[in-house]
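A.B. asks: One line per chain: the protein sequences are A and B, in this order. In this text, residue positions in the first sequence follow the numbering used here: the first is 1, and each later residue adds one. In this text, residue positions in the second sequence follow the numbering used here: the first is 1001, and each later residue adds one.
No wet-lab data here; the hints were simulated from the structure. This structure is a prediction, so every number in the text was calculated from the model and none was measured. Mixed in with the good hints, there may be bad ones.
For lysine to aspartate or glutamate, the following EDC-like pairs were computed, each having C-alpha atoms within a straight-line distance of at most 20 Å [what the hints assert, rightly or not]:
1. Lys1029/B / Glu233/A
2. Lys1048/B / Glu311/A
3. Lys225/A / Asp1065/B
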Amino acid sequence: MRIVGPIIAVCALAGIAWLGTGPLSLYTLFGVIIPYCAFAAFVVGFIIRILNWGRSAVPFRIPTTAGQEKSLPWIKQNKLDNPSSKAGVVGRMALEVLFFRSLFRNASTEKTEDGIAIGSAKWLWLFALIFHWSMLIIVLRHFRLFLDPIPAWITALEGLDGMFQIGLPVIYLTDLGIVAGITFLFIRRVVVPRIRYISQTIDYFPLVLLFGIALAGIIMRYFTKVDMSAVKELTLGLVRFTPQATVTEPIFYIHIFLVCCLLVYFPWSKLMHAGGIFLSPTRNMANNSRAVRHVNPWNYEVKKHTYEEYENENWEKMQALGLPLDYEHVKEEEPPAEAEAGAAEGAPEAANTEDSEG
Amino acid sequence: MKKTGIIAFVVIFCALALLPFAANAISPKAPLELDYNTPAIKSLEEHKCIESTEFMRSSHMQLLDSWRNDVVRNGDIVYTATDGTKYEKSLDDSCLTCHSNPEEFCDKCHSYEGVNPYCWDCHDSFGLWRQNESNEALYQDFLASVEGGQE
Ligand code: HEM
């Protein structure tokens, strides 16, 4: 059910779009109203998630990352894995976001005849990278539907993506990539017993949904065809706030209805890792704990009773008992020796601190 | 993460999300207008393409693709349209005799839709290649050889 459920759900969603635009012809609902609502839900949901995350406590740097931290001058620091500067953090984050660097270190443990072998497992990294890059390029290419005139970089991207000029319409490499990527990620969950054991409905659903979107798009481009002039009128209408549902092919509405479902689902699902990765505490903070004092921002003022104050209050009794005294004391009548007490008060607290807020 | 970081994140996200709307608000809005003002189309009895306009709009590329394969692989050069009219399966000798202004027709629509067919890489429909005199001579030789060969 964990696997079949999402497949049924996505088929049902596609069925709703087909029913709504095939027999019922509710073009404005599926072409205008639902896309606007879904986009608004996506933007608002995304912002709410970021603000919620922003409110959570991250008081200190987390230095437990691979690589040598900044230390003595003759010890070589690993500047990308364990950066001590902002630039290093940006570099580490960029490599993480663009090339999934920590996934590259993914290892698999296997039982062999004489014990346990730990080998590198690069397949997941490779196919995850293929999938995500394909998805990014496809989304960027889609902006040709929303812009007029079409900027040169989109045209260049299309040319690059279809560079082998196979078939007509030219097959985009990213279309092959996204299908291959999703298929691998899905099969991995199904055939590896341990991963299948921990995979839930919410792990399969996004994969199936994305697969449905890509499949509908591919069918539309390469097989059934749509009237692209009408599509562009619709999409430009949406971004110019002069919406009109000019398209009549149900396959187009199936494609964008599934996209709308994705947009609504996105902020509240695991897909939100797209925004969350930038907030990973082990990735987005420089490890400078040894160089800079980080004060927990919500520390309350601790009520202190120093030994000096204690001795000041009790020194006469202590003296009577013959206990050793650290400070010089004078009888009540005379004013206390101010100079000395002042010097001992308050640790050098303000030196070299940087606020870390939650 | 610091408050300023979170706010910057949200601001950048909003800016990206609103970018297409903003870009369209400032870009000029020119509706696509295709030019049918060619001698061949003007002299048509009925203002129509070889198939229905809807079909041409959505599927002309696949029609051209199958024509290409038919001609190059099977030597089949006659296309019988749904209404019975016969056409030569040729980009230059069919499509472009009627649509003899491809810059104002094919290209205009393609740049609006963001499509870059590579037809013109080889098909010398604009005569650019032949504007070079030595190429013109080559072309005439080629035509003579083709026509002589066919008879
Ligand atoms: C998550 C977002 C989306 C994904 C992953 C996606 C995926 C795809 C894929 C894989 C294709 C096949 C052809 C190609 O790669 O260009 C495609 C085609 C298409 N998509 Fe999308 N799509 C998305 C969003 C949208 C949106 C928002 C619209 C419009 C409202 C749209 C409209 C179209 C159209 C009209 C085609 C056919 C293009 C053609 O015939 O050349 N897509 N889509």
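A.B. asks: Taking the hints in turn, state whether each one holds.
C.D. replies: Right, here's what the structure says about each hint:
1. Lys1029/B / Glu233/A: This hinted pair holds, its Cα atoms lying about 12 Å apart.
2. Lys1048/B / Glu311/A: violated, 107 Å
3. Lys225/A / Asp1065/B: Given pair Lys225/A, Asp1065/B holds - Cα atoms ~14 Å apart, limit 20 Å.
Hint 2 from the earlier list is the only one contradicted by this structure; the remaining hints agree with it.
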